[in-house]
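Participant: Single-letter residue listing:
2 protein chains.
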Amino acid sequence: MLVRVSLRCLKLADTLTSIGKAGLYSSMASMERNHNFFFRQLFDHESSTYTYLLGDTSNKEAVLIDPVYEHAERDANLIKELGFKLVYAMNTHMHADHITGTGKLKSLLPGTKSVIGKGSGALADIYLKDGDVVRFGSHQLWAAATPGHTNGCFTYISHEQCMAFTGDALLIRGCGRTDFQEGSSETLYKSVHDRIFTLPDHFILYPAHDYKGLTSTSVGEEKKYNPRLTKPLDEFVKIMEGLNLPYPKKIDESLPANRVCGVF
Amino acid sequence: MLVRVSLRCLKLADTLTSIGKAGLYSSMASMERNHNFFFRQLFDHESSTYTYLLGDTSNKEAVLIDPVYEHAERDANLIKELGFKLVYAMNTHMHADHITGTGKLKSLLPGTKSVIGKGSGALADIYLKDGDVVRFGSHQLWAAATPGHTNGCFTYISHEQCMAFTGDALLIRGCGRTDFQEGSSETLYKSVHDRIFTLPDHFILYPAHDYKGLTSTSVGEEKKYNPRLTKPLDEFVKIMEGLNLPYPKKIDESLPANRVCGVF
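Those protein sequence lines, which keep their order, are chains X and H. According to our numbering, numbering within the first sequence proceeds without interruption in unit steps and concludes at 264. According to our numbering, numbering within the second sequence proceeds without interruption in unit steps and concludes at 264.
Hints were generated in silico from the structure; no laboratory data involved. Glycine included, C-beta positions come from ideal geometry on N, C-alpha and C. Hints should not be assumed to be uniformly reliable.
Unchecked claim - One side only, chain X facing chain H, incomplete, derived with CB under 7 Å:
hint : residue
1    : Q41
2    : L42
3    : F43
4    : D44
5    : E46
6    : T215
7    : Y225
8    : P227
What the hints assert, rightly or not - From chain H, some residues computed to sit far from chain X (all C-beta separations above 10 Å):
hint : residue
9    : R40
10   : H45
11   : D125
12   : L214
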């Protein structure tokens with residue numbers, strides 16, 4: 001099992017020797033899009049969490065990003081109907097507002113591995129480091145460390161499909177809060193500016209949540225219209241300090257459960 | 001103004017003389033996808049309504065399908081931010097569960113025309129007949145009459161993008177109810193089987209609603225897994241008769257408002 005994992009989780013750097021980092025976006029963006037690629041956005045009304053199913057329609061391997069415990073059966077059923085084999089149930093970070101579906105999905109779909117960032121503090125089968133690549137069929141997601149909301153936050157980037165899954169680092173015209181877990185406004189600002197805003201403007205961004213009925217955004221839109229992250233760092237820090245958000249409703253049950261992969 | 005409308009709303013039949021109906025799907029599916037095409041799904045939490053923004057990124061013309069009154073400002077703001085000019089605010093039918101945003105959007109974005117099916121019973125600037133084509137920039141939506149939930153239900157099909165907006169005719173693993181307005185289970189069954197299930201399996205279907213956190217489906221999935229519409233007609237009619245659904249919460253305010261384009 002470990003051999004399989006180490007074969008799948010290759011460093012992106014290994015694939016870059018011939019093209020160099022500067023050529024990465026144009027090279028990958030010019031690859032044929034949508035080839036054997038399946039994508040479906042899913043939603044949890046209670047926590048306003050988005051879950052994402054990505055698959056290879058040829059060899060039928062799939063990954064699920066940020067599944068929610070209460071929807072594990074819905075998701076497993078959809079995956080079965082579509083004929084996919086769930087290879088990885090991944091989280092962008094250890095969530096404080098809902099319990100992850102990864103543990104339950106591992107029971108419902110045996111063979112599934114749970115995946116999370118190394119600094120998350122959560123149990124999983126596979127821990128990602130910055131630059132790791134998660135493969136499913138002929139497709140891949142590049143794991144970019146984007147801490148600030150928590151220490152273990154990752155953004156998963158598909159250069160081939162020109163899309164990125166930003167978790168709570170970047171939300172649509174907003175961002176994740178920085179006032180609990182290991183939150184740091186300075187770190188979050190740097191993560192978004194260094195790792196997300198440096199992607200091409202046309203890349204579509206899919207966040208872990210939205211509360212206003214918006215389902216996605218783009219790098220170009222957020223660089224222009226994000227009311228917090230377009231500000232200079234010091235202003236951003238002041239905005240985040242002044243939010244005065246309520247204590248997260250489900251944090252006291254979510255964090256202990258999510259530390260053990262949602263199996264409680 | 002009328003000249004512009006008549007130029008835009010051409011019969012699809014006019015474009016088919018050289019390729020014939022049999023060659024339509026393969027011919028259009030092979031056109032370059034995503035070329036200058038913008039797509040964004042939007043959501044109303046209260047009525048679980050999906051609204052769709054489609055645009056041409058070159059000449060910046062856009063259409064909005066099934067906007068919701070309470071989100072007209074959100075939608076107008078997004079359209080402005082993206083630099084689009086809203087040409088048409090369209091409805092798939094006269095809704096009974098929410099008030100349309102078309103009237104309010106016409107005030108917020110002057111120049112916008114409201115569009116609805118001829119048999120809907122609702123006021124609009126433009127009434128569609130079966131086979132009409134709605135153009136925005138270099139893109140087009142083919143209006144296919146799919147009555148049964150109401151008399152005026154239309155499905156809007158983009159052959160170029162392999163997607164269709166089914167309104168309440170076909171929902172994900174379900175369908176619209178047939179027990180009010182001009183509902184007819186037999187008519188709905190025929191509409192879905194004749195006009196939606198005859199599209200290629202890979203066409204993505206975007207409904208007007210979903211209540212389970214699913215955001216889209218495909219023709220192939222619904223032909224295989226729709227628990228109602230995969231049944232023979234007589235069984236489908238019995239299922240629909242046995243639903244015993246509650247009286248729609250907002251029908252008494254929605255229908256009078258929607259008869260006048262949501263301006264009340």
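Participant: Indicate, hint by hint, whether the structure satisfies it.
Facilitator: Against the structure, the hints:
no. : hint : result
1   : Q41  : holds, 5 Å
2   : L42  : holds, 5 Å
3   : F43  : holds, 4 Å
4   : D44  : holds, 6 Å
5   : E46  : violated, 10 Å
6   : T215 : holds, 5 Å
7   : Y225 : holds, 5 Å
8   : P227 : violated, 12 Å
9   : R40  : violated, 7 Å
10  : H45  : violated, 6 Å
11  : D125 : holds, 26 Å
12  : L214 : violated, 6 Å
Checked against the numbered hints given earlier, this structure breaks hints 5, 8, 9, 10, 12; the rest are met.
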